[in-house]
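*Asks:* Chains as they are written, first to last, in the numbering used here: chain A, 1 to 552; chain B, 1 to 108.
Simulated from the structure, these hints should not be mistaken for laboratory data. Worth double-checking, as some hints may not be accurate.
If you want a taste of the chain A side facing chain B, the calculated C-beta under 8 Å gives, among others [claimed, not checked]:
| no. | residue |
| --- | --- |
| 1 | LEU17 |
| 2 | ILE30 |
| 3 | ILE32 |
| 4 | PHE196 |
| 5 | PRO204 |
| 6 | ALA337 |
| 7 | VAL342 |
| 8 | TRP371 |
| 9 | LEU375 |
| 10 | PRO377 |
From the three backbone atoms N, C-alpha and C, an ideal C-beta is built for every residue, glycine too.
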Amino acid sequence: MTSLAASGGLKLSLSGLDVVLIAIYFTFVIGIGFALRRLIQTSTDFFLSGRSLPAWITGIAFISANLGAIEILGMSASGAQYGISIVHYYWIGAVPAMVFLGIVMMPFYYGSRVRSVPEYLMRRYDSKTHLVNAIIFVLSSVLIAGVNLFALASVLEALLGIALPVAIVASALFVLSYILLGGLSSAIYNEVMQFFVICAGLVPVVIVALKETGGISGLFAKLSTNGHDFTSAWSGTGLGGHNPIGDWIGLVFGLSFCLSFGYWTTNFAEVQRAMSARDDNTARLTPIIGAYPKAVIPLGIVIPGMAAALLIPGLGEGGGLAYNDAIPALMNKYLPAGVLGVAITGLLAAFMAGMAANVSSFNAVWTYDIWQNYLRPGRPDSYYLRVGRYTTVVGVFIGILTAFIAAGYNNIANYLQTLFSFFNVPIFLAFIVGMLWRKAGRGSGFWGMIVGTLVAFGTWLLYKVGVLSFRSDLAETQWGAIAGFAAGLAAMWIATRFSEPKPLAELKGLVLGYQEVDVKTSVRVPWFKSPVLWGIGALALCGLLYLYIAVV
Amino acid sequence: MADKIKLTPEEARNWRLAKLFDLRSFIGALFVIFGILVTIAGLAASQATINKAAGINLGLWVGLIMLAMGVIFIAWILVKPPAPITAAEAEAARKAREEFGTQGPGGH
């Protein structure tokens with residue numbers, strides 16, 4: 001809990017030009033939203049972003065937007081803290097998960113024609129399962145909104161030299177006015193534009209950091225003083241080893257299977273996007289194509305984080321900068337006036353887009369899945385629109401509270417993994433069991449999620465009070481995820497014995513053996529569009545990258 | 001796309017505005033402005049500034065690349081303007097307007 005004081009250390013020294021660049025960007029974004037709302041008072045604007053850019057660009061932007069901003073800060077912080085082993089989060093984590101989503105799970109999502117991820121649970125189990133899923137989702141989105149708000153506030157703090165609590169409140173008001181003034185269209189514009197701006201700011205940092213440290217091989221050689229585990233991905237991951245990333249059981253079952261599969265295969269934005277594809281094969285290919293940039297991203301995020309451990313003295317130590325400051329500190333140290341302004345603009349815009357996305361998904365699920373479904377059904381549309389607007393304001397204010405929780409972490413990536421172990425793993429459990437085991441009873445999804453969440457939370461609590469001990473916070477998230485998954489699985493098995501099974505007619509398209517075959521896909525797909533082939537390619541790419549960092 | 005549709009004057013005006021508000025024109029304009037400003041800073045960079053960034057004149061490089069990207073986006077929208085609105089989209093827009101009043105789905 002030292003980072004409140006520690007992160008006060010970073011001061012960004014901006015020139016007048018940098019400030020002008022930041023001002024231009026936000027004039028653009030707020031101006032777009034304002035103009036669109038005044039000029040185009042219909043939903044025509046709603047179609048714009050989808051029409052004008054090819055799918056691969058919006059695809060990249062969406063991948064970057066769903067976790068992009070906090071990933072840049074968090075995963076570089078982890079690179080500085082844990083070294084190269086953090087690539088496991090990509091190469092045995094996200095990439096295999098996206099391939100699994102495309103090859104195994106997408107046919108169920110797409111074939112059953114559900115419109116949203118929660119709707120699948122509603123049809124596969126019952127409305128209790130749907131409700132608990134919606135509540136878990138609402139909780140996790142306000143907590144993650146807090147992470148984005150904290151990230152935004154820490155940049156603002158370094159920029160203006162104000163206290164963090166003031167920066168958090170100021171950022172919240174800024175985001176709120178951005179959402180209310182700009183509306184949906186401006187959010188979509190900002191989401192795509194921030195991606196290009198942040199690339200223009202991040203790539204120069206990577207280049208300069210590598211030049212300063214003598215390339216990847218020079219960097220690894222210089223970091224050898226931090227111990228072999230820091231520059232070798234698998235070293236010290238045996239059960240008796242000391243690599244803080246964790247042991248291989250935690251890595252393979254916790255990090256890869258529970259956490260990464262849990263995050264990527266039930267992720268609202270990602271799955272939703274793939275489900276709107278025009279045919280089954282395209283829906284399956286979408287996450288697999290996304291896995292390719294995902295495999296290369298750590299080279300641009302983890303490596304500069306590791307370089308920061310070398311180039312920024314005192315990073316992560318008491319009294320020095322927090323690990324979270326790795327990338328902003330590198331930018332401040334090496335980027336000249338102008339380029340620094342672009343980079344800081346990219347960070348600010350990305351955190352705003354992230355926070356806005358969290359608040360709007362909180363809003364959608366609260367207003368429609370909970371309020372309209374369970375609390376006040378059957379009112380006119382205008383009523384729910386009004387509820388939605390109040391929900392936005394409430395969501396931002398809850399975000400202020402959760403931002404202070406995030407501020408207690410020296411490395412926000414650890415905090416995020418903790419949240420995922422509570423919330424994503426049990427949802428993944430309900431999905432994977434529901435899809436593969438057709439006997440799973442009506443009420444079992446509900447009990448699986450409740451027990452899974454409580455056990456994962458309990459493991460964390462016991463770790464915090466010192467009853468359980470793990471190598472590191474990250475190792476705790478992996479074992480907590482495994483414990484939650486196993487306990488939830490047991491709960492589902494027991495609940496199935498005590499609840500009535502769903503009749504097969506209701507399970508059509510939802511479970512293994514009863515999939516609905518998409519007519520368009522039964523036409524033969526050419527080999528170069530085969531999801532399996534592309535999936536194997538993505539996994540092979542990860543293998544090659546592991547080889548590369550081992551020999552470099 | 002061949003199906004010609006009749007737009008009300010209001011819808012036609014909205015569609016002209018919508019074309020103006022193409023995402024590419026914003027990315028293009030933003031990167032041209034950013035590119036010019038950063039390139040100027042790069043041209044005026046002192047030796048001390050260049051030394052700061054490991055001996056690379058980052059301002060010049062980043063500025064010129066951003067400028068080029070901006071030009072590419074603007075050229076792209078000129079070469080390939082947004083496709084005309086289809087009947088299905090006009091219908092969806094009308095339906096949404098009835099449902100949401102004049103505020104559009106951006107209202108929540």
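*Asks:* Next step is simple, just say for each hint if it's right about the structure.
*Replies:* These are the hints, each one checked on the structure:
1. With 8 Å as the threshold, the beta carbon of A:LEU17 comes within range of chain B, its nearest partner Cβ sitting at about 6 Å, so the hint holds.
2. Because the beta carbon of A:ILE30 sits about 13 Å from the nearest beta carbon in chain B, more than 8 Å, this interface hint is broken.
3. The beta carbon of A:ILE32 is positioned within 8 Å of a beta carbon in chain B (closest approach about 7 Å), and the interface hint is therefore held.
4. Of the supplied interface hints, the one on A:PHE196 holds, with its beta-carbon coming within about 6 Å of a beta-carbon of chain B, less than 8 Å.
5. Given the 8 Å rule on beta carbons, the hint for A:PRO204 holds: about 5 Å separates it from the nearest Cβ of chain B.
6. Look at A:ALA337: its Cβ gets to within about 6 Å of chain B, closer than 8 Å, so that hint holds up.
7. Hint status for A:VAL342 relative to chain B: holds, with the closest Cβ pair at about 6 Å, below 8 Å.
8. The criterion of a C-beta within 8 Å of any C-beta in chain B is not met by A:TRP371, whose closest approach is roughly 12 Å, and the hint is violated.
9. Hint on A:LEU375 is violated. Least Cβ distance to chain B is approximately 17 Å, over the 8 Å limit.
10. Residue-level restraint check for A:PRO377 is violated (minimum Cβ-Cβ distance to chain B is 17 Å; threshold 8 Å).
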